[in-house]
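Protein chains: 2
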Amino acid sequence: MDLKTYLVKKRALIDNALKAYLPEPEGPAAELIRAMNYSLFAGGKRLRPILCMAGAEAVGGDEQLALPVACALELIHTYSLIHDDLPAMDNDDLRRGKSTSHKVFGEAIAILAGDGLLTEAFHLMTRIDLPDKVDSRTLQEVIALIATAAGYQGMVGGQVIDIQTAGTEIEPSLVEFIHTHKTGALIAASVSSGAILGHGSKQQVEAVTSYGNSIGLAFQISDDILDVEGDSNEMGKGVGGDAQKGKNTYPSVHGIEKSKKILREIIEKAVEPLKQFDLRADPLRHIARYIIERKR
Amino acid sequence: MDLKTYLVKKRALIDNALKAYLPEPEGPAAELIRAMNYSLFAGGKRLRPILCMAGAEAVGGDEQLALPVACALELIHTYSLIHDDLPAMDNDDLRRGKSTSHKVFGEAIAILAGDGLLTEAFHLMTRIDLPDKVDSRTLQEVIALIATAAGYQGMVGGQVIDIQTAGTEIEPSLVEFIHTHKTGALIAASVSSGAILGHGSKQQVEAVTSYGNSIGLAFQISDDILDVEGDSNEMGKGVGGDAQKGKNTYPSVHGIEKSKKILREIIEKAVEPLKQFDLRADPLRHIARYIIERKR
Numbered sequence: 012m013d014l015k016t017y018l019v020k021k022r023a024l025i026d027n028a029l030k031a032y033l034p035e036p037e038g039p040a041a042e043l044i045r046a047m048n049y050s051l052f053a054g055g056k057r058l059r060p061i062l063c064m065a066g067a068e069a070v071g072g073d074e075q076l077a078l079p080v081a082c083a084l085e086l087i088h089t090y091s092l093i094h095d096d097l098p099a100m101d102n103d104d105l106r107r108g109k110s111t112s113h114k115v116f117g118e119a120i121a122i123l124a125g126d127g128l129l130t131e132a133f134h135l136m137t138r139i140d141l142p143d144k145v146d147s148r149t150l151q152e153v154i155a156l157i158a159t160a161a162g163y164q165g166m167v168g169g170q171v172i173d174i175q176t177a178g179t180e181i182e183p184s185l186v187e188f189i190h191t192h193k194t195g196a197l198i199a200a201s202v203s204s205g206a207i208l209g210h211g212s213k214q215q216v217e218a219v220t221s222y223g224n225s226i227g228l229a230f231q232i233s234d235d236i237l238d239v240e241g242d243s244n245e246m247g248k249g250v251g252g253d254a255q256k257g258k259n260t261y262p263s264v265h266g267i268e269k270s271k272k273i274l275r276e277i278i279e280k281a282v283e284p285l286k287q288f289d290l291r292a293d294p295l296r297h298i299a300r301y302i303i304e305r306k307r
Numbered sequence: 012m013d014l015k016t017y018l019v020k021k022r023a024l025i026d027n028a029l030k031a032y033l034p035e036p037e038g039p040a041a042e043l044i045r046a047m048n049y050s051l052f053a054g055g056k057r058l059r060p061i062l063c064m065a066g067a068e069a070v071g072g073d074e075q076l077a078l079p080v081a082c083a084l085e086l087i088h089t090y091s092l093i094h095d096d097l098p099a100m101d102n103d104d105l106r107r108g109k110s111t112s113h114k115v116f117g118e119a120i121a122i123l124a125g126d127g128l129l130t131e132a133f134h135l136m137t138r139i140d141l142p143d144k145v146d147s148r149t150l151q152e153v154i155a156l157i158a159t160a161a162g163y164q165g166m167v168g169g170q171v172i173d174i175q176t177a178g179t180e181i182e183p184s185l186v187e188f189i190h191t192h193k194t195g196a197l198i199a200a201s202v203s204s205g206a207i208l209g210h211g212s213k214q215q216v217e218a219v220t221s222y223g224n225s226i227g228l229a230f231q232i233s234d235d236i237l238d239v240e241g242d243s244n245e246m247g248k249g250v251g252g253d254a255q256k257g258k259n260t261y262p263s264v265h266g267i268e269k270s271k272k273i274l275r276e277i278i279e280k281a282v283e284p285l286k287q288f289d290l291r292a293d294p295l296r297h298i299a300r301y302i303i304e305r306k307r
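Those protein sequences? They're chains A and B, same order as listed. Going by the numbering used here, the first sequence opens with residue 12, and the numbers climb by one from there. Going by the numbering used here, the second sequence opens with residue 12, and the numbers climb by one from there.
Chain A on its own, in the form it takes in the complex (with noise of 0.2 Å):
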């Protein structure tokens, strides 16, 4: 398979899906309308909802059933963006190459765009529009999961230690700890959601949790490589953002060259409990080799 074909084809998807679930900005809170989808189209690379269609296809699922919360997953991911961006947290300007919310859009509202992405986010999984198809068992078991990985015992619980250890040096485990819950937790919740809507049986969904947990934390350590090594046209951001703010990366407590070893043996790791899957679980597969090699 094309990887490359694959992801521009999944990207329109997902944006045509996102573009019909979110409100025209019209009405009286037309303003906060506009601030969610500035964020929401602001050129995300829909990595969660493709990983959640991912994991459909991978335990031979119709990915399909999978889109509302695929959506979904992206609302939360597009949230926790905009109240990482704000003055109080790691005040970024730019996002993507383009300005961030609260200074579009001023950080009153920003704070509530967030606010308004994570709630609808809850709704939009309830959404499931073939409800012969996706049982509301199933549908409760996945909002759990998401509610979990996105909250205190994951995200946010992440992100908090993020902002309390910056400018301070810690043990590498804990850098671990950060990139896991932070970035890693909402991403293997994005694989494990799509099994599971999948009807993937119990093996099927523990191995791609595995996958999920693996590329999760591979993810944020390329994110980390990239910030330092990084072209800032590519990134839409400035490189050297990390170090600037005194964040602790796997590059800062690990040296460069160590953190890619790391990632290419966690990328080793991840792939490993799919040996069990056919062909459909390609995208899986492409999709951890990809983490190596991308440039944004």
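Worth flagging that the hints you see were computed from the coordinates, not collected in a lab. The structure presented is a predicted model; accordingly, all values stated were derived computationally and were not measured. There are no misleading hints in this set.
A pair holds if it fits inside one copy or across any two, identical chains being indistinguishable in the list.
Computed list of lysine-lysine pairs in DSSO-like fashion (alpha-carbon distance at most 27 Å, straight line):
{"hint": "1", "residue 1": "Lys213", "residue 2": "Lys144"}
{"hint": "2", "residue 1": "Lys114", "residue 2": "Lys258"}
{"hint": "3", "residue 1": "Lys114", "residue 2": "Lys256"}
{"hint": "4", "residue 1": "Lys256", "residue 2": "Lys271"}
{"hint": "5", "residue 1": "Lys286", "residue 2": "Lys272"}
{"hint": "6", "residue 1": "Lys272", "residue 2": "Lys15"}
{"hint": "7", "residue 1": "Lys280", "residue 2": "Lys56"}
Chain A is already provided as a structure; the job is to place chain B on it using the hints.
Only chain B this time, still in chain A's reference frame:
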């Protein structure tokens, strides 16, 4: 029935459930959990959880079944207060006589504590302890209802307009829009979700929803009146804060006497649809009266 005794009993029940559901502040993200707990146990009246359980009782359902959802509603309410108090929003230092979250924990942790509470609310909703008594389909409906009420079409939408219109003169109809969205939507969803979880008939759920819409608006009007006339010791915050902030309220657009008249009329209208219910709807009836008489 004696409402005071009823409210004390229900508050204790809900406080105990909240304590059991929320984790101890330990592990790397202890400070986040501390901040979540701080605001959650800062003296809230637990109006929304009580309304949820009273909604279940009114339709003849088992209020115990509504407990996780009832607690989730309090988490959503608490998150909204933390974010509303932020410097970028209402910039409040005190809430219920206690320092607000960002004054105690700093802005970053306050934002994340709100995010954590909102996310955990949806996790909690999936934690129905008696899966044989509340089916997943019902739960899916309740999650959709609450997410809609809390999001851009409800609470978050109302908050945006509240902030945008502060200091400007607006039409009475827009003040009503703000109140029904910012406060009313989640209160209405609290009663409705209880009635749905209590397996109320379509007609019963509609009646209770109509009641909820009325008292949601009434509650915010009484809040506006208390902000002008209340005892600052009993309110736990400065009186006259709305006027200082240029907030549009019922007293500011209608005057205080007309606001009280409107409030009484809305309460009359609120209890009207409850005529079809027996004594088990008495808590809902008494809570409506209490909104007129309350001092904080």
